[in-house]
Amino acid sequence: MIEHYLTYIDHYLQAKPYMGILFAFLIAFTESLPLVGTVIPGSITMSIIGILAGRGIISLEATLLWATLGALAGDTVGFFVGKYYNERLRLMWPFKKYPKWLTLGEAFFRKHGGKSILIGRFVGPVRSSVPLIAGLLKMSWLRFFVAAIPSAILWAVAYLLPGVLIGAVSLELPRHVTTEFILIGLGVIVLLWLLFWAAQRFFTLVILTINDWIDQLWRWLYLHHSSRFFLRAITNHRNPADHYQLTLTLLAFLSLLCFLGLSILALTVGPLTNFNEPLFYFLQSTRLAHIDKFFALITMLGDAKVILGISLLLIIALGIKKHWRAAFHLVLVTVLSAAAVYLFKWLVFSPRPRGFLVLDHSSSFPSGHAGLSLAIFGFIGFLIAQQLPKKWRWIPYTTASILIVLISYSRLYLGAHWLQDVLGSLFLGFAILLSVIVSYRRYPSKPFGNLKWLVFLVVALVLPWAVMSKTKLHTVLHRYAPIWPVREINYKDWWQHPTRYVPIYRWNRFGHPVQPFNIQWTAPLNDIQQTLEHSGWESIHTKTDIQTALGRFASYKPERHFPLFPWLYRDKPPVLFMIKHLPHATTIIELRLWESGIRFEDNAWPLWVGSINYHIAPKRLITLRRPHEISLVNGGGVNELARALTNYQWKKIFLHGSKKPKKIRPLEWNGEILIIRSTGAL
496 MIEHYLTYID HYLQAKPYMG ILFAFLIAFT ESLPLVGTVI PGSITMSIIG
546 ILAGRGIISL EATLLWATLG ALAGDTVGFF VGKYYNERLR LMWPFKKYPK
596 WLTLGEAFFR KHGGKSILIG RFVGPVRSSV PLIAGLLKMS WLRFFVAAIP
646 SAILWAVAYL LPGVLIGAVS LELPRHVTTE FILIGLGVIV LLWLLFWAAQ
696 RFFTLVILTI NDWIDQLWRW LYLHHSSRFF LRAITNHRNP ADHYQLTLTL
746 LAFLSLLCFL GLSILALTVG PLTNFNEPLF YFLQSTRLAH IDKFFALITM
796 LGDAKVILGI SLLLIIALGI KKHWRAAFHL VLVTVLSAAA VYLFKWLVFS
846 PRPRGFLVLD HSSSFPSGHA GLSLAIFGFI GFLIAQQLPK KWRWIPYTTA
896 SILIVLISYS RLYLGAHWLQ DVLGSLFLGF AILLSVIVSY RRYPSKPFGN
946 LKWLVFLVVA LVLPWAVMSK TKLHTVLHRY APIWPVREIN YKDWWQHPTR
996 YVPIYRWNRF GHPVQPFNIQ WTAPLNDIQQ TLEHSGWESI HTKTDIQTAL
1046 GRFASYKPER HFPLFPWLYR DKPPVLFMIK HLPHATTIIE LRLWESGIRF
1096 EDNAWPLWVG SINYHIAPKR LITLRRPHEI SLVNGGGVNE LARALTNYQW
1146 KKIFLHGSKK PKKIRPLEWN GEILIIRSTG AL
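All the letters of the sequence shown, read from the start, carry residue numbers 496 to 1177 under the working numbering.
I should point out that these hints are in silico values taken from the structure, not numbers from a laboratory.
Wrong hints could be hidden among the right ones.
No more than 30 Å apart at the CA atoms, straight line, and that leaves these computed lysine-lysine pairs for DSS-like [claimed, not checked]:
1) K941 to K633
2) K1158 to K1075
3) K816 to K941
4) K1146 to K1157
5) K1075 to K941
6) K1155 to K1114
7) K1147 to K1158
8) K885 to K941
9) K1067 to K1158
10) K1052 to K1075
Cβ-Cβ distance ranges computed for the label pairs, FRET-style [stated by the list, open to error]:
11) L827 to I890: 22 to 30 Å
12) M514 to L783: 44 to 52 Å
13) A799 to L560: 40 to 48 Å
14) P980 to I1148: 40 to 48 Å
15) I786 to P1058: 15 to 23 Å
16) L649 to F823: 17 to 25 Å
17) L632 to L827: 40 to 48 Å
18) P1058 to Y892: 36 to 44 Å
19) L1059 to L827: 29 to 37 Å
20) L827 to L778: 29 to 37 Å
21) L718 to L564: 54 to 62 Å
22) T1141 to I786: 44 to 52 Å
23) L678 to P980: 23 to 31 Å
24) V957 to E1033: 53 to 61 Å
Note that beta-carbon positions come from the ideal geometry of N, C-alpha and C, so glycine has one too.
Modelling step: build the complete structure from the supplied sequences, incorporating the hints.
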């Protein structure tokens, strides 16, 4: 059905190409008009236009240009109306009847200033009213266009791009799956748009509800004499009616409860520990040498010596400038966070991840790097933000957040901690940070004055980190280097008892057994490859790129549906990957060999471990639930491989009675393992 409409639209727009461009302009224009734009589903309509452009039915360059011009024209109309009618807008319909439509936009504009023109277009409730508000608040034409032009360009690119990709990919697909692909693509866009819309409104409602509850609780506490000591401890004396102090206190208490809950889980090996190993194995499978160096530098920024050095330098500077309250609270947050981390490391022992050159015997829970960085860097960011105008406070908060996230992630990436360790320390650090902020906000503090302290702040941050990086980088890299030990065994012992030395199953990137090692082969790798090529096998060199990924949607051939990421053993891809086509079948045989990590004491040839299986062609190219693509029925190709082994000695062994893991059962493996060695080894 959709092919018929696409063909009709194609012919129509080829005869009248200006109609497609005009449609793009009108949609962008109306989507940007005040009030009207709020009911136009721009993301959906622009995605449809993008599909037409991606399929080459209309010009992509012209579509992008006129969509940008349409968005800019709509913004300009809104800005002109706001500037021309000014305060009279409040007395006009529908704003007189629904004044919140203006007050919501005004609040957004006053909060974000000129950049609200740039970002407001992507915020649902105010996306079409921001230019109107900018005109109402007497923004200059020059400032408006400086923000509106890049905003219109970004909007056109962002809204057209998903459709363009869908349209371009659909051209590469077989004709009979084009309809399904386009419908699924549009469905995903609509679903994401609905989820985003629902999330915005849900979180807005939640925040308003919580704010109302806290306001009621604040009034209730004021009316009850028994709570006077608590209120006196948290009240902001600059603004006694400010219940933000209560919000921070409740968040600190909630964060502390979460930390204590994670502490109990760490002691009792609770359900969260089920996520520890899968995440650990996955991150270890993604490690690269140059990325290791980056995260080693980041993790040193969170080292206790570095953070305490940074804190000490800033405390001295604040003391010299006689900012006693800031200095005292920085001392307080430093002492509390350091003491809490080391206290709970002593109370809650949790072994660290293993598999590295240096084994750390200290407790893994909680992470000192993550906890100290959140508490101390968070408070430093808070102090800086208090010296800046409100519109610039996001800069220190964002900078501190990025540092905290990077340091926390570095502990997971390098394998220094489990997930629960990092989460627990973040909750602990957050509770301490909020408690100290509540204390600091109780009384006004004098500003730091000029910006010279910023220069000192940069020096205080960089100096301890630079010294640590210069002297300890290689030590840190060595400490967190994964180790895969090599084992030496007797050649005859291996031949007689092959399953004693080699694992039965290969684990995936999340640490779950997914495939049996049903091949063990000792011979030079070149000899193995040449032997198989003479028997009709093909060597495969896989690569992950966009073309390879899109090829999965264009062919039913099983060789077009290899995994996007290579299967790993000992965190390494196969050293040899070969396939063989079966006559008159839509199934191929796959053979992968990996380094085993085993050497023979009395034989120079390496031992390779591998897997052989049937790869079944998919029945559908586009499906949300893909069945198992590999099968080990009847040995999974072991018999076909054995026919090529005329120059090798081989034997089959069978594993009986062992309970197979859950992910292995659907493969229908009969327990057969093929053991191969060269006749020259006898």
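Tell me if the beta carbons of T1141 and I786 are separated by a distance inside 44 to 52 Å.
46 Å, holds
Given the hint that K1052 pairs with K1075, test it: the Cα-Cα distance must not exceed 30 Å.
13 Å, holds
I want to verify a distance hint. Is the separation of the beta carbons of L632 and L827 within 40 to 48 Å?
Hint holds: Cβ distance 42 Å, inside 40 to 48 Å.
Please work out if K1147 and K1158 have their alpha carbons no farther apart than 30 Å.
23 Å, holds
Keeping to a limit of 30 Å between CA atoms, is the pair of K885 and K941 held or broken?
16 Å, holds
Quick one: are P980 and I1148 within 40 to 48 Å, going by C-beta?
The hint (40 to 48 Å, Cβ to Cβ) is violated, given that P980 and I1148 are roughly 25 Å apart.
Determine whether the Cβ-Cβ distance between A799 and L560 falls within the hinted range of 40 to 48 Å.
Between A799 and L560, where Cβ atoms are some 56 Å apart, the hint is violated.
Measure nothing beyond the straight line between the CA atoms of K816 and K941; if it is 30 Å or shorter, mark the hint as holding.
Since the Cα atoms of K816 and K941 sit roughly 11 Å apart, the hinted pair holds (cutoff 30 Å).
K1146 and K1157: Cα distance at most 30 Å?
28 Å, holds
Could you tell me whether the CB distance from L1059 to L827 stays inside 29 to 37 Å?
Roughly 50 Å apart at Cβ, these two residues miss the hinted range, so it is violated.
Cβ distance range 22 to 30 Å for L827 and I890, holds or violated:
25 Å, holds
Between the beta carbons of L649 and F823, is the distance compatible with 17 to 25 Å?
45 Å, violated
Against the hints set out earlier in the document, violations occur for numbers 1, 5, 13, 14, 16, 19, 23.
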